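Participant: Construct the complete structure from the given sequences, taking the supplied hints into account.
2 protein chains.
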Amino acid sequence: MKNVKVVSYGVGVIGRRLATHLLTKEGVKIVGAVDINPDIVGKDLGEVLGGKKIGVIISNDADKVLKETEPDVVCHTTMSYLRQTYDQFEQVLRHGVGIVSTCEELGYPYATEEGTEYANKLDEVAKKHGATLLGTGINPGFLMDTLPTFLTGPCEEVESIYVTRQMNAATRRIPFQKKIGAGMTEEKFRDAIDGGKITGHVGLEQSIRMISDSLGWELDEIRVDPPEPVILDHDAASDAIKVPKGKNAGTKQMAYGVLGGKAVITMDFRAYIGAPEEYDTVDIEGVPPIHQKISPCVHGDHGTIAMTTNMIPHVINAEPGLKTMVDLPVVHATPVHFGKYIKKR
Amino acid sequence: MKNVKVVSYGVGVIGRRLATHLLTKEGVKIVGAVDINPDIVGKDLGEVLGGKKIGVIISNDADKVLKETEPDVVCHTTMSYLRQTYDQFEQVLRHGVGIVSTCEELGYPYATEEGTEYANKLDEVAKKHGATLLGTGINPGFLMDTLPTFLTGPCEEVESIYVTRQMNAATRRIPFQKKIGAGMTEEKFRDAIDGGKITGHVGLEQSIRMISDSLGWELDEIRVDPPEPVILDHDAASDAIKVPKGKNAGTKQMAYGVLGGKAVITMDFRAYIGAPEEYDTVDIEGVPPIHQKISPCVHGDHGTIAMTTNMIPHVINAEPGLKTMVDLPVVHATPVHFGKYIKKR
Numbered sequence: 001m002k003n004v005k006v007v008s009y010g011v012g013v014i015g016r017r018l019a020t021h022l023l024t025k026e027g028v029k030i031v032g033a034v035d036i037n038p039d040i041v042g043k044d045l046g047e048v049l050g051g052k053k054i055g056v057i058i059s060n061d062a063d064k065v066l067k068e069t070e071p072d073v074v075c076h077t078t079m080s081y082l083r084q085t086y087d088q089f090e091q092v093l094r095h096g097v098g099i100v101s102t103c104e105e106l107g108y109p110y111a112t113e114e115g116t117e118y119a120n121k122l123d124e125v126a127k128k129h130g131a132t133l134l135g136t137g138i139n140p141g142f143l144m145d146t147l148p149t150f151l152t153g154p155c156e157e158v159e160s161i162y163v164t165r166q167m168n169a170a171t172r173r174i175p176f177q178k179k180i181g182a183g184m185t186e187e188k189f190r191d192a193i194d195g196g197k198i199t200g201h202v203g204l205e206q207s208i209r210m211i212s213d214s215l216g217w218e219l220d221e222i223r224v225d226p227p228e229p230v231i232l233d234h235d236a237a238s239d240a241i242k243v244p245k246g247k248n249a250g251t252k253q254m255a256y257g258v259l260g261g262k263a264v265i266t267m268d269f270r271a272y273i274g275a276p277e278e279y280d281t282v283d284i285e286g287v288p289p290i291h292q293k294i295s296p297c298v299h300g301d302h303g304t305i306a307m308t309t310n311m312i313p314h315v316i317n318a319e320p321g322l323k324t325m326v327d328l329p330v331v332h333a334t335p336v337h338f339g340k341y342i343k344k345r
Numbered sequence: 001m002k003n004v005k006v007v008s009y010g011v012g013v014i015g016r017r018l019a020t021h022l023l024t025k026e027g028v029k030i031v032g033a034v035d036i037n038p039d040i041v042g043k044d045l046g047e048v049l050g051g052k053k054i055g056v057i058i059s060n061d062a063d064k065v066l067k068e069t070e071p072d073v074v075c076h077t078t079m080s081y082l083r084q085t086y087d088q089f090e091q092v093l094r095h096g097v098g099i100v101s102t103c104e105e106l107g108y109p110y111a112t113e114e115g116t117e118y119a120n121k122l123d124e125v126a127k128k129h130g131a132t133l134l135g136t137g138i139n140p141g142f143l144m145d146t147l148p149t150f151l152t153g154p155c156e157e158v159e160s161i162y163v164t165r166q167m168n169a170a171t172r173r174i175p176f177q178k179k180i181g182a183g184m185t186e187e188k189f190r191d192a193i194d195g196g197k198i199t200g201h202v203g204l205e206q207s208i209r210m211i212s213d214s215l216g217w218e219l220d221e222i223r224v225d226p227p228e229p230v231i232l233d234h235d236a237a238s239d240a241i242k243v244p245k246g247k248n249a250g251t252k253q254m255a256y257g258v259l260g261g262k263a264v265i266t267m268d269f270r271a272y273i274g275a276p277e278e279y280d281t282v283d284i285e286g287v288p289p290i291h292q293k294i295s296p297c298v299h300g301d302h303g304t305i306a307m308t309t310n311m312i313p314h315v316i317n318a319e320p321g322l323k324t325m326v327d328l329p330v331v332h333a334t335p336v337h338f339g340k341y342i343k344k345r
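Going down the list, the protein sequences come from chains A and B.
For the first sequence, counting from 1, position 331 maps to 331 in our numbering; every step adds exactly one.
For the second sequence, counting from 1, position 146 maps to 146 in our numbering; every step adds exactly one.
Treat the hints loosely; a few may be bogus.
Same chains, same names: a pair is fine if it fits in one copy or spans any two.
Below 30 Å or equal to it, Euclidean Cα-Cα: the simulated DSS-like pairs (lysine-lysine) are [to be verified]:
1. 343 - 121
2. 128 - 343
3. 293 - 262
4. 2 - 127
5. 53 - 127
6. 340 - 128
7. 121 - 340
8. 53 - 188
9. 262 - 340
10. 340 - 127
11. 252 - 178
12. 52 - 5
13. 2 - 43
14. 262 - 343
15. 127 - 343
16. 262 - 252
17. 2 - 293
18. 64 - 52
19. 252 - 179
20. 262 - 2
Since the hints were made in silico from the structure, they are not lab data.
All figures in this text were calculated on a predicted structure; none of them were measured in a lab.
Facilitator: If you want it as structure tokens, here you go:
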């Protein structure tokens with residue numbers, strides 16, 4: 001079994017965690033790394049990850065890296081929106097190299113008109129160059145879209161789907177805790193929302209559309225509410241941030257897929273310091289009803305690293321084009337030599 | 001959108017429920033029915049289902065039905081083992097018609113040497129005639145195999161997988177309650193096991209192998225224990241069967257996938273009258289750990305009907321050959337016009 005050659009495109013927080021994980025896996029070889037951060041360009045990836053040199057120098061020239069290393073796949077972890085990542089994807093695809101990306105909007109780009117236009121162009125480029133492109137991750141990518149879609153499988157009828165993710169932000173990275181406005185006054189939180197400094201969770205619209213398209217529901221509209229503050233009636237704290245009673249502990253955000261005036265798909269996303277319980281639930285009203293709970297909730301960073309890694313074989317094995325999680329076979333863990341999961345080369 | 005033309009092959013308990021469901025669906029047309037039961041051959045399927053005539057006469061001549069009706073797919077619900085169903089599958093495939101079957105062993109035939117031989121032959125016939133063949137259902141087919149496989153997706157590492165299905169048999173069909181020996185004395189139950197009258201759940205071996213093959217684990221062995229009685233310390237009853245204290249209420253059965261002397265995959269199947277709670281759980285020890293529960297457990301008959309129905313589009317859309325649930329895209333419900341899910345014809 002041959003090694004799978006990977007280029008890490010993006011050496012930020014998630015890119016570093018992903019590369020660190022890939023280095024532990026038998027049958028994977030990181031052959032190149034791309035980033036534009038001047039602090040790390042020219043440095044050895046292994047050292048940037050806090051370990052020994054591995055002979056991979058981080059470059060800001062993606063074309064050069066791809067040409068020299070001829071990877072089997074690119075793991076892409078740069079930004080959330082296709083208007084930011086489109087050129088990066090196109091550049092990689094022109095080398096005939098497949099991509100697994102954590103770009104949230106790529107998870108189901110058909111949610112918006114703009115996304116659909118990018119998706120159609122990417123699909124064309126991918127097919128022309130014989131490469132496969134996939135957006136995945138834990139959310140979007142699994143918990144609030146692929147999983148609820150899959151759980152409708154045993155249903156003869158489906159009336160509605162309600163998906164909740166509740167996280168205690170205290171257990172997450174500090175930048176994440178700050179991103180959700182933990183510790184702010186309610187007024188400051190609302191100002192941050194109005195000023196676009198707090199943007200809410202990216203992907204709710206995409207997740208709803210993946211479910212509705214899979215089920216064939218032609219929604220009247222998708223409504224994504226702005227994030228709301230979570231004001232606790234008691235003190236709470238993480239290692240980094242104190243949230244006294246009356247202050248904001250994080251965010252809750254709702255999104256709805258509406259059909260015939262009714263919310264047939266509901267997304268209920270809550271991330272705040274001091275959440276009493278962490279869980280992911282899917283509740284399907286139908287025949288039969290399905291009430292499912294994962295408790296504690298799936299850890300976001302581990303989950304994203306795993307999903308990205310575990311979809312690499314499916315992307316290498318797939319037909320060329322832009323795919324989504326509902327186009328490819330079911331994801332699963334890859335605990336043995338990575339080459340074992342590759343069917344064609 | 002055109003209707004999807006279906007032939008019902010097997011008009012027993014599950015076949016009837018399936019046909020009844022298909023008749024409620026927009027965009028599905030049952031064009032033929034096959035069974036060997038002399039009590040129903042020559043009768044109208046609609047009347048056998050307890051309703052009005054639908055102009056479909058149940059025939060014992062599969063070749064004739066397939067030739068005359070040219071269906072898009074056959075829904076097959078006859079027997080559990082490939083030695084019983086192989087000839088039926090081959091006959092249908094030779095007409096170039098795809099099959100979705102509830103044959104338990106077909107769900108993952110590679111669990112045994114005999115099954116693998118049948119599978120290889122069926123794959124060859126299917127490819128030669130441009131048809132796709134799939135075994136599915138709720139269990140095997142979803143709860144104890146495809147679902148746990150899928151739930152390892154967010155895992156960087158997997159140590160072990162424990163799957164439980166606990167059903168209160170009182171809520172199930174009376175033949176099922178009898179099949180599990182409810183109401184027997186422990187002695188009679190053990191005699192029935194020894195005499196092969198109670199065979200236990202079919203599919204545990206197949207479910208374990210689907211998971212281990214997906215994850216790439218080369219198991220030392222799969223061990224399926226014989227069914228054990230469930231003796232309650234209190235009285236219990238269903239509408240049909242009384243289970244006084246000390247009598248047998250049903251069965252519990254364990255199966256293990258062993259690697260390095262350790263049970264890395266465990267199946268824990270319990271079906272008995274008076275079970276205090278009904279649930280399906282998947283517990284994955286790994287990074288991150290995943291603890292998942294569906295409560296109440298998914299209703300077996302509804303689930304099997306739904307899985308069989310909902311996989312029809314995937315089978316019609318798939319490349320020719322013998323497929324399993326982990327080869328095809330994720331299953332999902334099909335609540336709108338069935339033709340909408342068909343990509344190619």
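Participant: Does each hint hold? Answer for all of them.
Facilitator: Here's how the hints hold up against the structure:
no., hint, result
1, 343 - 121, "both (27 Å within a copy, 21 Å between copies)"
2, 128 - 343, "both (21 Å within a copy, 21 Å between copies)"
3, 293 - 262, "both (24 Å within a copy, 28 Å between copies)"
4, 2 - 127, "both (25 Å within a copy, 29 Å between copies)"
5, 53 - 127, "neither (36 Å within a copy, 49 Å between copies)"
6, 340 - 128, "both (28 Å within a copy, 27 Å between copies)"
7, 121 - 340, "between (32 Å within a copy, 24 Å between copies)"
8, 53 - 188, "neither (44 Å within a copy, 69 Å between copies)"
9, 262 - 340, "between (46 Å within a copy, 22 Å between copies)"
10, 340 - 127, "both (25 Å within a copy, 24 Å between copies)"
11, 252 - 178, "within (14 Å within a copy, 50 Å between copies)"
12, 52 - 5, "within (19 Å within a copy, 62 Å between copies)"
13, 2 - 43, "within (27 Å within a copy, 59 Å between copies)"
14, 262 - 343, "between (44 Å within a copy, 29 Å between copies)"
15, 127 - 343, "both (19 Å within a copy, 18 Å between copies)"
16, 262 - 252, "within (21 Å within a copy, 43 Å between copies)"
17, 2 - 293, "neither (39 Å within a copy, 38 Å between copies)"
18, 64 - 52, "within (24 Å within a copy, 71 Å between copies)"
19, 252 - 179, "within (13 Å within a copy, 49 Å between copies)"
20, 262 - 2, "between (52 Å within a copy, 29 Å between copies)"
The structure does not agree with the numbered hints 5, 8, 17 stated previously, though it agrees with the rest.
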